[in-house]
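Student: First to last, the sequence lines map onto chains A and B.
Counting along the first sequence from 1, when you hit position 75 you're at 609 in our numbering, and nothing is skipped either side.
Counting along the second sequence from 1, when you hit position 123 you're at 124 in our numbering, and nothing is skipped either side.
Please note: incorrect hints may appear among the correct ones.
Stated by the list, open to error - In silico DSSO-like pairs for lysine-lysine, Cα to Cα no more than 27 Å straight-line: (1) B/77 to B/22; (2) B/72 to A/694; (3) B/77 to B/30; (4) B/22 to A/677; (5) B/30 to A/677; (6) B/22 to A/694; (7) B/130 to B/72; (8) B/30 to B/72; (9) A/677 to A/694.
Claimed, not checked - Going by beta-carbon spacing under 7 Å, a handful of chain B positions derived as facing chain A: (10) 73; (11) 76; (12) 95; (13) 97; (14) 105; (15) 108.
Unchecked claim - DEER-style ranges, computed between Cβ atoms: (16) A/566 to B/117: 36 to 44 Å; (17) A/588 to B/58: 39 to 47 Å; (18) B/67 to A/566: 33 to 41 Å.
Quick caveat, the hints were computed from the structure, so don't treat them as lab data.
Model, not experiment: these values are computed from the prediction.
The beta-carbon is built from N, C-alpha and C at its ideal position, and this holds for glycine as well.
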Amino acid sequence: MLGVLNFAHGSLFAVGALVATSVIGTVFPSIPVFIGAALVGAVVVGVLGLVVERTVVRRLYRGDHITMLLATFAILLIVEGASELLWGDSPATVNQPKVLSGNVHVLGAALPAYSILLVVIGAVFAVGLFLLLNRSRFGRDIKAIAQDQVMGEAVGLNTKRVMFLVFGLGSALAGLAGVLIAPTVSVSANLGDSYILESFAVVIIGGLGSITGSLISSILVGVTEALAVAYFPFLSGFTFYILVAVVLLVRPRGLLGNARIGAAA
Amino acid sequence: MTSTLTVTGLSASYGLASALKSIDLRVEKGRCVGLLGRNGAGKTTLLKSIVADPEITVRGDVAIDGRSLRKLATYKVARLGVAWVPDTRRIFTRLTVAENLDIARRRGVASDQLERVLEAVPLVRGLLKRAGYELSGGEQQAVTIARALMSAPDFLLLDEPTEGLSPLIVEQLQASIARLPEIFDLGVVVAEQNFRFVTDLADEVHVLETGEMVWSGTPELLVSDPDLVDRHLSVGEK
């Protein structure tokens, strides 16, 4: 929404997972402890995001995308380095709550209960974000500023404050996602590296600035990769890049990227 | 209550390129001030300088009733009662017209402000549920003026409001703008190349040329002096 290509998002995601290792430790957490860890992860990473915005990103909003990309890549390296100092460089594991460790049978298939929970939480947050953007004054202000920051100021919006809060919110969500993914992966400081490229692919395919586009794109990318694993294993891990290439060739602005703004003239 | 916007010794530049030199201007509530000049004369820069557009480096002072706006961010200038309608309109195309209006409403503005605005700019009433990107140029212009009025400003800055509009729409727009100072008790500054539009509307006129104010007076005086018009405004602007 802010037009920021934020490479540091991957490292913030990893910090969320690392916070989970500190809060939960090696035990099987109860549900309340796990929820507490998720909240702590979101708050810690949200605050870290606010610091990053205030000290670096805010100075670069008016610059070009390359400068922003390089700056956020530098932040990624700094955060990863600091994370290694704090949490060490050995991979760690986090247990999910025991009650969620079994399988659920859906249409004859056994699916991990925790994976289903992740899908449900993802859907809840997607709906929440949609409502925030389309049904609240804050969302209205975000959309206005995303289109025209100077005009937003001219109608009385404190655009720096709104962008600060949006960056903090995005970071908090990255932290929350890091905590939630922690039980399913090996947690280390560079955990976010593999996810950030896939996330960029999702955003590019969906169209920059379009939450709905990203939602559709994420399902498209996920299903395509799953089909590739099942039927074309040699393409596994490449389907993101193939989809990005196809979309950029056929529809360079992405599935839903700013089509309405373009139609305004 | 009488209120005055004062511009004193204002010089402005875009980077190293000078755009305005030592401009003085005084706008009182209830009055309409016209700015005339060719393309590049500095009209837009003057309005942008008043609203503290961050692209522009400014020297001199802009004040409301003696309170300087110079060091304030653009949003603070807006909250102090200066509304700006830019030449390219710049409505928020992803918002509905109703949202475009509501976003500009300041705290403390009377709850009937929307109704008052819709009475003053009637074209907007039928557009409230439409998205910004669906509007024609004339509709966009009406919405930007209505949006500016929603903040109940003390001063309204209009930059080339007739640009790209059909003569019929211009006539309707002129009628709407003419009533604004009295209905809303605000001062209006209209920057235009449309000579007749400004001289019909304004109580006083200032002519800008290459960043300097070269003439000030009543519209009647300007209209009665063809030599002056020829000298400072191109033929097409008469």
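Student: Take the hints in turn and mark each one as holding or not.
Tutor: Against the structure, the hints come out as follows:
1. B/77 to B/22: The given pair, whose Cα atoms are some 25 Å apart, holds under the 27 Å limit.
2. B/72 to A/694: Since the Cα atoms of residue 72 of chain B and residue 694 of chain A sit roughly 16 Å apart, the hinted pair holds (cutoff 27 Å).
3. B/77 to B/30: Measuring from Cα to Cα gives roughly 19 Å; hence the hint holds.
4. B/22 to A/677: 37 Å, violated
5. B/30 to A/677: Measuring from Cα to Cα gives roughly 33 Å; hence the hint is violated.
6. B/22 to A/694: Not satisfied, since the Cα-Cα distance of roughly 31 Å exceeds 27 Å.
7. B/130 to B/72: Status violated; Cα separation ~38 Å.
8. B/30 to B/72: 23 Å, holds
9. A/677 to A/694: 14 Å, holds
10. 73: Hint on residue 73 of chain B: violated, closest Cβ of chain A at ~11 Å, above 7 Å.
11. 76: This interface hint holds because 4 Å falls under the 7 Å limit.
12. 95: Since chain A brings a Cβ to about 5 Å from residue 95 of chain B, closer than 7 Å, the hint holds.
13. 97: Check failed: Cβ of residue 97 of chain B comes no nearer than 9 Å to chain A, outside 7 Å.
14. 105: 4 Å, holds
15. 108: Result: violated, 9 Å to nearest chain A Cβ.
16. A/566 to B/117: 36 to 44 Å: Check failed, 53 Å falls outside 36 to 44 Å.
17. A/588 to B/58: 39 to 47 Å: Violated, since residue 588 of chain A and residue 58 of chain B (Cβ atoms, about 25 Å apart) do not stay within the stated range.
18. B/67 to A/566: 33 to 41 Å: About 59 Å separates the Cβ atoms of residue 67 of chain B and residue 566 of chain A, which means 33 to 41 Å is violated.
Going down the numbered hints, you'll see the structure goes against 4, 5, 6, 7, 10, 13, 15, 16, 17 and 18, while the others check out.
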